[in-house]
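*Asks:* Which chain is which? The protein sequence lines are A and B, in order.
For the first sequence, our numbering begins at 17 and goes up steadily by one.
For the second sequence, our numbering begins at 10 and goes up steadily by one.
By construction, these hints were calculated from the structure, which means they are not laboratory data.
One should not assume that every hint holds.
[Stated by the list, open to error] Chain B stretches covered by chain A per the calculated footprint, using a threshold of three residues with CB under 8 Å from any CB of chain A: (1) 56 to 66; (2) 79 to 89.
[Unchecked claim] The calculated lysine-lysine pairs, modelled on BS3-like cross-linking and capped at a C-alpha distance of 25 Å, are: (3) A:Lys119 - A:Lys85; (4) A:Lys85 - A:Lys19; (5) A:Lys119 - A:Lys19; (6) B:Lys18 - A:Lys85; (7) A:Lys19 - B:Lys66.
Predicted model only: the values in this text are computed from it and were never measured.
Glycine is no exception: its CB is placed at the ideal position from the N, C-alpha and C atoms.
Listed below are the residues making up each chain.
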Amino acid sequence: DAKTTQPNSMESNEEEPVHLPCNHSTISGTDYIHWYRQLPSQGPEYVIHGLTSNVNNRMASLAIAEDRKSSTLILHRATLRDAAVYYCILYSGGGADGLTFGKGTHLIIQP
Amino acid sequence: DSGVTQTPKHLITATGQRVTLRCSPRSGDLSVYWYQQSLDQGLQFLIQYYNGEERAKGNILERFSAQQFPDLHSELNLSSLELGDSALYFCASSATGTGTYEQYFGPGTRLTVT
Numbered sequence: 017d018a019k020t021t022q023p024n025s026m027e028s029n030e031e032e033p034v035h036l037p038c039n040h041s042t043i044s045g046t047d048y049i050h051w052y053r054q055l056p057s058q059g060p061e062y063v064i065h066g067l068t069s070n071v072n073n074r075m076a077s078l079a080i081a082e083d084r085k086s087s088t089l090i091l092h093r094a095t096l097r098d099a100a101v102y103y104c105i106l107y108s109g110g111g112a113d114g115l116t117f118g119k120g121t122h123l124i125i126q127p
Numbered sequence: 010d011s012g013v014t015q016t017p018k019h020l021i022t023a024t025g026q027r028v029t030l031r032c033s034p035r036s037g038d039l040s041v042y043w044y045q046q047s048l049d050q051g052l053q054f055l056i057q058y059y060n061g062e063e064r065a066k067g068n069i070l071e072r073f074s075a076q077q078f079p080d081l082h083s084e085l086n087l088s089s090l091e092l093g094d095s096a097l098y099f100c101a102s103s104a105t106g107t108g109t110y111e112q113y114f115g116p117g118t119r120l121t122v123t
């Protein structure tokens with residue numbers, strides 16, 4: 017499986033934007049970039065995903081580098097509820113498989 | 010609320026026993042996935058079903074099995090339970106079985122083996 021690299025933890029202040037980086041230099045052409053997060057004592061929650069173009073939804077934005085070897089999840093205005101572990105995952109567009117979760121980035125939000 | 014339901018929420022049982030975990034996917038989703046989350050192994054993919062058929066296997070032990078029924082709900086059977094099987098078990102569903110679509114996770118079943 018193609019691997020991703022994320023910082024172990026990041027800290028931000030409430031109501032400020034947060035940029036969570038992810039490196040995936042071995043990404044293949046059919047891999048989608050998925051982001052999930054897991055709040056304490058809850059199941060993982062889908063955040064956003066994309067293939068080549070930048071994507072926006074009500075939760076976040078996903079900026080994908082032109083060479084697709086890295087991406088950034090952007091939370092435009094962090095709240096305390098956004099404190100969670102964020103996982104960047106490469107997921108094949110055509111293959112049958114599950115998500116491969118790494119250790120993710122533990123995002124800490126300061127009030 | 011993701012729309013994925015799992016029962017029971019908690020399960021406490023003894024070593025050597027067998028349990029069944031149940032999952033109902035979101036309405037319209039054809040694919041169901043099972044994951045295990047333990048402190049030492051993190052979140053691991055176990056098995057995927059698509060429209061009643063097994064589609065992919067991950068790190069699933071031979072003591073574990075699953076099936077997806079015609080109404081698309083799924084069950085994960087864990088037998089000859091060991092202390093190390095204590096974990097959170099999550100079910101997820103997606104519209105299809107590819108990376109084109111996102112997965113939605115249920116709240117999980119916490120299994121404690123004593």
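*Asks:* To test your reading of the hints: which numbers does this structure violate?
*Replies:* 2 and 6
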